[in-house]
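Modelling step: build the complete structure from the supplied sequences, incorporating the hints.
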Amino acid sequence: MENEEFQKLVLGYFERIDKRFDGIAGKLSEHDQKFDSLSSQVQENTRILKALEHIAEVNKAEHDSMSFQLAEISGEVKSMRKDLSKVELVTASNWEDIVRLKSVK
Numbered sequence: 001m002e003n004e005e006f007q008k009l010v011l012g013y014f015e016r017i018d019k020r021f022d023g024i025a026g027k028l029s030e031h032d033q034k035f036d037s038l039s040s041q042v043q044e045n046t047r048i049l050k051a052l053e054h055i056a057e058v059n060k061a062e063h064d065s066m067s068f069q070l071a072e073i074s075g076e077v078k079s080m081r082k083d084l085s086k087v088e089l090v091t092a093s094n095w096e097d098i099v100r101l102k103s104v105k
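The sequence shown: position 13 = 13 (the numbering used here), numbered continuously.
Calculated from the structure, these hints are not laboratory results.
Beta carbons are placed, not taken as given, at the ideal position from N, Cα and C, and that holds for glycine.
Treat the hints with care, since some could be wrong.
Pairs of lysine-lysine residues, derived as DSSO-like cross-links and limited to a Cα-Cα distance of at most 30 Å, are as follows [to be verified]:
{"no.": "1", "residue 1": "78", "residue 2": "60"}
{"no.": "2", "residue 1": "27", "residue 2": "8"}
{"no.": "3", "residue 1": "8", "residue 2": "19"}
{"no.": "4", "residue 1": "102", "residue 2": "86"}
{"no.": "5", "residue 1": "34", "residue 2": "19"}
{"no.": "6", "residue 1": "60", "residue 2": "50"}
{"no.": "7", "residue 1": "34", "residue 2": "50"}
What follows is a list of derived Cβ distance ranges for each label pair [said to hold, decoys possible]:
{"no.": "8", "residue 1": "2", "residue 2": "22", "range": "25 to 33 Å"}
{"no.": "9", "residue 1": "27", "residue 2": "60", "range": "27 to 35 Å"}
{"no.": "10", "residue 1": "73", "residue 2": "38", "range": "28 to 36 Å"}
{"no.": "11", "residue 1": "73", "residue 2": "98", "range": "31 to 39 Å"}
{"no.": "12", "residue 1": "93", "residue 2": "69", "range": "32 to 40 Å"}
Okay, structure coming up:
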C-alpha cells in the first residue's frame with residue numbers, strides 16, 4: 001500500500017468519524033433544547049404548585065375559623081335553648097297563677 005492510498009484511506013475514516021460527530025452534536029443540541037423546555041415546564045409547574053399550596057393553606061385557615069365560629073354559635077344556641085326552657089317554665093307558672101286568680105274571683 002502506497003503512502004497516497006494510505007492517506008486516502010485514513011482521510012475516508014476521518015470523514016466518516018467527522019460525520020458521526022456531526023450527528024452526535026446534532027442530537028446533543030436537540031437534547032439540550034428538550035432539556036431547556038422541560039426545565040422551563042418544571043419551573044412553571046413548581047410555581048403553580050406553590051400557588052396551590054398557598055391557596056390550600058388559606059382555605060385551611062378559613063375552614064378552621066369557620067369551625068371555631070360554628071362551635072361558638074352552637075354554644076350560643078344551647079344557651080338560648082336553656083334560657084327558652086326557663087322562660088317556658090316561668091310562663092307556665094304565670095299561667096297557673098292567672099288561672100288561680102281567675103278562679104278566686
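A quick look at each hint next to the structure:
no.	hint	in the structure
1	78 x 60	holds (27 Å)
2	27 x 8	holds (29 Å)
3	8 x 19	holds (16 Å)
4	102 x 86	holds (24 Å)
5	34 x 19	holds (23 Å)
6	60 x 50	holds (15 Å)
7	34 x 50	holds (24 Å)
8	2 x 22: 25 to 33 Å	holds (30 Å)
9	27 x 60: 27 to 35 Å	violated (48 Å)
10	73 x 38: 28 to 36 Å	violated (51 Å)
11	73 x 98: 31 to 39 Å	holds (36 Å)
12	93 x 69: 32 to 40 Å	holds (36 Å)
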